[in-house]
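Undergrad: The chain contents come next:
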Amino acid sequence: MSANDLLAVVPEMALGALGMALVVLATVRERPQLAYGTGAIGLALALVALLGDVRSPAAAAFMGTYRLDGYGLAAKAVAIAFGAVALGAMRRDLQDSPRATEAPAFVVFGTLAACVLVEAQDLALIAVALTMLAAAVYGLLGAAPGSVRAAEAALKFFVLSALTGAVTLYGFGLLFGLGRSLDEATLATRLAASPPVAVALAAVLTSAAFVFESALVPIAEWAPDVYQGARTSVTLWLSVVPKTAALLALARLVSTALQGQLEMVVIAVGVVAVASQIWGNLAAYAQRDIKRMLAYSGIAQAGFMASALAVSARSSSALDALLLYIAAYAAMNGLAFASVLAIERRFGVTTIDGLNGVGASAPWLGLALTTALLSLAGFPPFVGFAAKVALLQATFSAHEPWLGISIAVNSVLSLGYYLGPIARIWTGTRFPARPFVRVGTAAVVITALANVVLGLAPQLAIPR
Amino acid sequence: MIALALAIGAPVLVALGAPFAPVRVARALVIGVGLLVLAVALAALGGLIAPSLDVPWIPALGARLALGGDALSWSLVALAGGLTAAAVGGVPPRTNGSALAALFAAMLAGLVVVFLARDLLLFYFGFEIALVPMYFIIGGWGEGDRTRAAIVFFVYTRAGSLAMLLAFVGLAFGAGGHGFAFSAAAHPSGLLAAWIAAGLLIGFAIKLPVVPLHAWLPLAHTEAPTEGSVMLAGLLLKLGGYGLLRIALAFVPGALAATAPWLVAWGLTSALWGALAAFPQRDLKRLVAYTSVNHMGYVLVAVAVAAALGPDSVAGRLAVSGAALQLVSHGLLTGGLFLVSGAIGERFGTRDLRRLGGMARRAPRYGWTFALLALGSLGIPALSGFAAEVQIVLATAMYAPGAAVVLGVAIVLTTALLARTALRLLTGEPVEAEPSEHRGADLALPWVAALLLGSAVLGIWPRVLVDGYVAVAAALGAGR
Amino acid sequence: MSAPWLPGLPLIFIDDAVSRWATLIVLAVAAILGTYAAGDPELRTGRFRFWTVYALFAFAAIAFAHASGLLTSYVLWEAMSACSFFLIAQRLDEDVVAASVRALTTTRLGDLLLLIGAGAIAAGHPQVGLIGALAGAAIKSGQLGATPWLVGAMVAPTPVSALLHSATLVAAGPYLLARLAPQLAVFPNLLAALAIYAVISAFAGALFAATSNDAKRTLAWSTSEQLAQATLATAAGAPFAGLAVLAGHALAKPLLFIAAGYLRAATGSTRYDAASREGRRVGAFVAATVVGAAALVGIPPFLSSWGLASTWSAVATARPPLLIAGLAISALSGWYATRFALLLLPDVNRPFARAALRPPLRAAAWLGITLALAVSIGVIRFRVDLESLALPILALSGGALAVAARRTTLLTAGFAFPEGIAWWDRTFSAPARAAGTLLDRCDRALLAGAHFLATATLRIGRRAAAVDDRLDRDTTELGRGLLAGGRRAAAVVVGDISRYVAYTAVGLALAAAVIAAVLATARGFA
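So the sequences go chain by chain: L, Z and E. In our numbering, each residue's number is its place in the first sequence (first place is 1) plus 26. In our numbering, each residue's number is its place in the second sequence (first place is 1) plus 14. In our numbering, each residue's number is its place in the third sequence (first place is 1) plus 311.
Just chain L, with the same shape it has in the complex:
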């Protein structure tokens, strides 16, 4: 452990310190702005520290257990920035909860866990990060109770995360047994020499927690219930950071440790990706509640990202595409949930049919949600389009056209349920006037800008 190593993880250390400070500040219940403000400022500082590190990235830190490359940098930046945005939204949304001041701490810890998850090269470190991430999530879910559904959501998440975490740990154990090392790089060569069936079993078990966190088929049923049950600002954070971190971590794992089993990986992950896309898209049609629909949409979007995952070892552009999609997803899904949050608080609307008249009463909000949905559907000039194109390019240049075709077909399939709410928003008459709270405006604005800016200049999100 050298000074260089420590300097390299300054942002993480800052996040850790911040988290602990927030745990303390969480007790100051009568002044929530203290906790939230500190959290936001701290996250901003961490981001500055992250991006301001002008030294050339070293290959790895801490004896090779901690990667430091451009992809990780980009993902961490997205996670931290998104955390700040989510905090801004949560401040007003969780106002009425008696445990509101706990949320910032959980967010920060979750962000830290996500950062570690995407940079870890050591299985043990990954396990720790996974656990921490899961803990942060159900902490958050519980920070705003008051409804049975929220508590139920927290419990479901807890049970499944515990189960899949255990399975993954078992998988890690098997991998260790086969390769006699916890380091991904070392495992690569050793696993290639091991009996393939054993490696396959271990890989399947290992993937459990990642599949769960990113809400991919077959462990995705929790997503609709949890997204719908939790408070919208919590769902905002939950739908982006854990999912994207898990996907990127799995991509790392696959492209390094499981390099030797390329064929199997491509097909297995590809099948999971396609199944998620299809199931998520189909089920989304039947939904009446916006958040539930967005949950299924998120499953499909995870399926898209998983396509890039599937070929990440074959083609260098696949990881680029994945990063771009992660950034895009953060922007689009963030905008979607931020708008839903604002609309929910302003008009008391949670269903798609209830969106009738939003366009007439609050055109900017309607425009924001429309932008989010169009971006999710993959329309230029928003970032969703560039991200889909990058995915297509990655799958085709990796010579897996079936994945690309599935992305295209599912994009078309998804169109209907994205357009439905748009049509609803812009029909109907004004809502009757009622007192309302402006919630999440900053979140809406920031994510909307991100959608447009990244849409016109997606190279900003591709690390080079």
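It is possible that part of the hints are untrue.
Now the stretches of chain L that chain E is said to cover, found in silico as 3 or more residues with beta-carbon under 8 Å [to be verified]:
id, segment
1, 184-193
2, 237-251
Computed list of chain Z residues with no C-beta within reach of chain L, every gap over 10 Å [what the hints assert, rightly or not]:
id, residue
3, Ala17
4, Ala19
5, Ala53
6, Ser66
7, Asp159
8, Ala492
Hints are computed from structural coordinates only; laboratory data are not their basis. Owing to the predicted nature of the structure, the values given are computational and were not obtained by experimental measurement. Even for Gly, the Cβ is constructed at its ideal location relative to N, Cα and C.
Use these hints to put chains Z and E onto chain L, whose structure you have.
TA: What follows is chains Z and E alone, placed relative to chain L:
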């Protein structure tokens, strides 16, 4: 460079600002920007300016911001500008008119980008931007079954554009291509070319449209508001034809040539279908919509002939320039037809052919304008449709006289259809006109007159454009 | 002179003797009929529109006379078709509308066949191309098979019918063929086929004309017959004879149309039996009818005599067997011309309406007669600029003389002995009526055929539109199906945590099992 900034930037700015202005100002802005784009395009056609741009955009995807035009591109840009102005100006102001005007400006921006794009990704970008506003226009300001029309329209065309995008990705990264720019993309051969050609054909055939992928068109054209139909028929259909000429002919001519007989048969079937299905129609707009299917079938036939015989052979040159001229001519004439049909609907409160009639006496200007446009549409000499059809028929005859005879039958069917419709409007029992509060319907006639003038100019002196089109054909043949 | 209309496709115009004569004739006919039209009571409304199109049409016809090359011819054919559409649709009634649409459609088909022929020739298939041109010309001149449009277009105002359908528009076909004679000569089998077709067409035309009971329809069929003979001239290798037939026909027909116009103006109908047997003869009217009839069937000194004589002489030289038909045709044509004249000119008084006596109409008639005589005599007397000086020799050949003599006898006999004609008519009325009924049925069958085409088109169109509607509904059903599929997919998520755990376990186990099985069986995996 300034010209490009004007041509693209001005509509974007208007699109962003128009929703905040009062209706009249917004409409004036859109009309102004449409005419501006028209002026820029005419200057480019006349050789006064030759704007182009080529800078890197997304290096990771090999995409460049490459814009530039030849006769084909600029003539369509001119059509876009002129028709946008006519569509907005020729119809009385509506509720939420500012938002509607902004949508038209956005469509115009997208169309200019498509027609000038020299990069596949930029092409697709503009393609989608041109389509999104249409959905809102149909769904928000349409009539009758507009929601269903909007959704059907969108799903169909989106499916097509995704097939197209897959083909573009194949062109950009398959068989030695290293980017989306036209100069960087591959010219594949063999199986890959076949797949790419299939994707391109499906995508463009949905947009043209060609039977059996055309079912969205009658619904969308009928339920859209008048100005929407004008843009739809006049411009959005041209995207398909333009794509066939600019991309399919340029990048996969071998695959097209190999399947040319099927493509010709396909185009002829579509032309016949459009003409036949139009006969029993009672709604004026639906009838005109079907003639669009018919006319665009000719374009597919021409493209196939050009591919089979080579774009720079005698027949190929005729085919390419005939197809290009047909695009422009159809835009002018059918745009005018929709404007007049809409005006007739506003004035008389109905578009049902069984109830309209006697216009020669009650509303001679509308009746005779419609008749002139209809005759131009069926290909009367001295209007642009004739020049286009002559070239296409000649080229097809040089390829396969039998196919040309079938084409002739389709033309004759359309002749009977449109002549009969025009006369039916003029004769018969006069319809009671709506009271004068609908005088706003008279807005259409000056614009229609301008469109007719344009068509006449092209009909009598087609060389103003055709010389340029022949150069485009030669360039296609040289493999650029 | 060439006008660069399209690159590589210029419009070429030449100026030779033939075109100059043709121009002269077109101008003459246009003047005659223009004078007539100025006084025609049918053309009350829309005068500006009428005269504009009339002038445009004349201009197009003159330009066509000077056209060289198939493309230029095609463009001007289309121009003439378009003008004809406007000219017919003057009255804007239902039957006029149908006729004008049918006229435009049919002539357009002919025009397009010409264009296709031009393309085929350019692509190196001269025979196919020439067949196309022939077909186009046949359709345009209302030959057998394409006559319905010609006959139906007779509902137009009289001067329009005269101008379009007897003098200029329909003559465009045989005129073009005459111009194409050198190219056609390369394919003797084509010429043979054309000759046979032309003879059959002429025979049919003469037959229908002889048995028709309507003055204008007689004239329509007679047009078809005369033009068939013009075509026959080209097919027999004497194109200038054909041109002469065209010219003679162009000068003669308007006169007969004027006569029919008188009938219409007087009695409101053009049927023969509407001409009542009381009334006064009007000098101009009588002269027009007689001279027209004579000029039409080829009595010297009118141009048609020389033209028709030359035609049949050429046929006699080239294809003797067809001469038999020639005799039948000339007999029939004599008969119908005589019948026309006599049925319109009873020798007893008959009241013609005052309207029929307007000065312009009379002037038109005298003008026409003068011009017809002058041109005919001029051409024959001076033989100006017309090649093929061998024709006078041909004109003396026996068959021609016989034909001419026969017709002359018939007509003279008719005038000298009206009772004789009446006896003739009575004696042969029964078989004539039988033949007439038969032919009338054929005639109606032809028209029914055209009508069937129209209804079939409509029916097919309805089916196509219905398919489109079903496609639309199917798309909507697809959407609903998606929704149903979605509900089924979402039904998996019932909210019970134990189910989720079960799914997880099953999913993982299944994945592991499948992958392991695949790997175990296919050792080749990396």
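Undergrad: Run every hint past the structure and note whether it holds.
TA: Tested hints:
no., hint, in the structure
1, 184-193, "holds (count 5)"
2, 237-251, "holds (count 8)"
3, Ala17, "holds (21 Å)"
4, Ala19, "holds (15 Å)"
5, Ala53, "holds (26 Å)"
6, Ser66, "holds (20 Å)"
7, Asp159, "holds (13 Å)"
8, Ala492, "holds (29 Å)"
In the structure shown, no violation is registered for any of the earlier numbered hints.
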